[in-house]
Amino acid sequence: MIGLEDIHKSFEDLEVLKGISLSVREGGVTALIGPSGSGKSTLLRCVNLLELPQSGRVRIDEASIAFTPAGKVDRRAVLALRRKTGMIFQNFQLFPHLTALENVTEALLTVLGWPRDRAEARARDLLEKVGMAAKADAWPANLSGGQQQRVAIARALAPSPKVLLCDEPTSALDPELAIEVVEVLAQLAREGTTMLMATHDLRLAATIAQDVVFLDRGEIVEAGPARQVFGAPARDRTKRFVASLTAPQPQGG
Amino acid sequence: MPAWLSLMIESLPALLWACILFTVPLTFLSFVFGIGVGFLAALARLFGPAPLAAFVRFYVWIIRGTPLLVQLFLIFYGLPSVGIVLDAFPAALIGFTLNVGAYSSEIIRAVLASVPRGQWEAAYSTGMTWAQAMRRIVLPQASRIAVPPLSNTFISLVKDTSLAAAITVPELFRAGQRIVATTYEPLVLYIEVALVYLVVSSVLSSLQARVEKRLSRYGGYLGAAS
Numbered sequence: 000m001i002g003l004e005d006i007h008k009s010f011e012d013l014e015v016l017k018g019i020s021l022s023v024r025e026g027g028v029t030a031l032i033g034p035s036g037s038g039k040s041t042l043l044r045c046v047n048l049l050e051l052p053q054s055g056r057v058r059i060d061e062a063s064i065a066f067t068p069a070g071k072v073d074r075r076a077v078l079a080l081r082r083k084t085g086m087i088f089q090n091f092q093l094f095p096h097l098t099a100l101e102n103v104t105e106a107l108l109t110v111l112g113w114p115r116d117r118a119e120a121r122a123r124d125l126l127e128k129v130g131m132a133a134k135a136d137a138w139p140a141n142l143s144g145g146q147q148q149r150v151a152i153a154r155a156l157a158p159s160p161k162v163l164l165c166d167e168p169t170s171a172l173d174p175e176l177a178i179e180v181v182e183v184l185a186q187l188a189r190e191g192t193t194m195l196m197a198t199h200d201l202r203l204a205a206t207i208a209q210d211v212v213f214l215d216r217g218e219i220v221e222a223g224p225a226r227q228v229f230g231a232p233a234r235d236r237t238k239r240f241v242a243s244l245t246a247p248q249p250q251g252g
Numbered sequence: 000m001p002a003w004l005s006l007m008i009e010s011l012p013a014l015l016w017a018c019i020l021f022t023v024p025l026t027f028l029s030f031v032f033g034i035g036v037g038f039l040a041a042l043a044r045l046f047g048p049a050p051l052a053a054f055v056r057f058y059v060w061i062i063r064g065t066p067l068l069v070q071l072f073l074i075f076y077g078l079p080s081v082g083i084v085l086d087a088f089p090a091a092l093i094g095f096t097l098n099v100g101a102y103s104s105e106i107i108r109a110v111l112a113s114v115p116r117g118q119w120e121a122a123y124s125t126g127m128t129w130a131q132a133m134r135r136i137v138l139p140q141a142s143r144i145a146v147p148p149l150s151n152t153f154i155s156l157v158k159d160t161s162l163a164a165a166i167t168v169p170e171l172f173r174a175g176q177r178i179v180a181t182t183y184e185p186l187v188l189y190i191e192v193a194l195v196y197l198v199v200s201s202v203l204s205s206l207q208a209r210v211e212k213r214l215s216r217y218g219g220y221l222g223a224a225s
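These protein sequence lines map, in sequence, to chains A and B. The opening residue of the first sequence carries number 0 in numbering that gives the first Met the number 0; numbering runs sequentially from there. The opening residue of the second sequence carries number 0 in numbering that gives the first Met the number 0; numbering runs sequentially from there.
Worth flagging that the hints you see were computed from the coordinates, not collected in a lab. Yeah, the Cβ is synthetic: ideal placement off N, Cα and C, and Gly gets one too. It is possible that part of the hints are untrue.
Label pairs and their computed distance ranges (CB to CB) [stated by the list, open to error]:
1) A:Asp-5 - B:Ala-208: 57 to 63 Å
2) B:Leu-20 - A:Arg-115: 42 to 48 Å
3) A:Asp-173 - B:Arg-209: 35 to 41 Å
4) A:Gln-53 - B:Phe-27: 32 to 38 Å
5) A:Arg-226 - B:Arg-116: 48 to 54 Å
6) B:Leu-39 - A:Pro-224: 54 to 60 Å
7) B:Arg-213 - A:Gln-53: 42 to 48 Å
8) A:Asn-90 - B:Asp-86: 53 to 59 Å
9) A:Arg-115 - B:Leu-28: 34 to 40 Å
10) A:Glu-190 - B:Ala-208: 46 to 52 Å
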């Protein structure tokens, strides 16, 4: 079970997260939606502790870290918790000096200390799964955005994380390239991969998320089953936001 | 055979010997140690506590702001006054190492900082520690960008080692001076000395091109060095 309790996060004087509590259903997909600057990305990055909250508690299974403004953070505990997660980024962030295959094997070799042949076998399976087996030896610079993101998904899945954190996985992609990424994520969802996903992409959220959390100005406005939040939102703010997503949008918005 | 040519041929073994015995080791050792110092200094500037970073800035300021020749004289002729007596070669080695360290620390700092933050985050997101992310992800990318500017430092260093002649290291230039002292043929000998330096630095430049080519194998994503 993945849970956040009363997470507060500020940058300088700006309070980005104002006491967020949420739990992610295991084996399901939870979408974080909300306008730009609502704190979606920061919240996601508080789960794998790329950002350390000032206060609150982050829990993944039996591992849990409590943060207090004065408390010192145990780096080993942070690392242990982070290793239960995998993340994919808006801009893919593949390692450009490694091939697609090496991107996937890297953590298995460096972090988990697997022997090379075992790591490569696992990486080839994952590349197969995301439809990138044919490009195993390609450099990231020679792949399209959609292909890079699919390799990034394989990289994130390699160490078998408890939860896959997706930070706007399709926002940097043209619609036709986004489709191939949505398809891969939908396949993972069907297989029961636990995902927490910040997204602007209504199609992505509506296709694969069971649960939706609507975040605005650092607070959870509404949370519930996807059908309910999208179909019959209880709060006005949610209604307006969902309507804005449904309405035709200018490119890149 | 003209007299100047036979003089050149006669002097060549002594010059090459001095080059192999002193110029080349001095260059390589001070470059390797200097890069080590530069790397640590860059880490201190980027990641170290404030006092350490300030100390490194001070070190770089002193070394870059004073002539190398003066630094060498201070180490070789000055330090004995406070009881530190060094042979010429180690004194030169220390001087050049400190020099390369200061200049390369700025290069290394810049190339490390040029690796996007997102690469660190991606590395961390796969569970790497700081050291693993540095070694496996950041350094390989940074070193590729660092090759041209560090090669520059290296080639300058080859020529700068001639300053060690002034503190009695019997390297290439000093070997030339010695022959001039007995033959009174400065024009011929110094041209020959210059030619040897030219050959050595040309060889190094072609090595640089090969290293760059090897490092640019991954698709030229930077554009710059490919």
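Which earlier hints can't be squared with this structure?
-> 4 and 5
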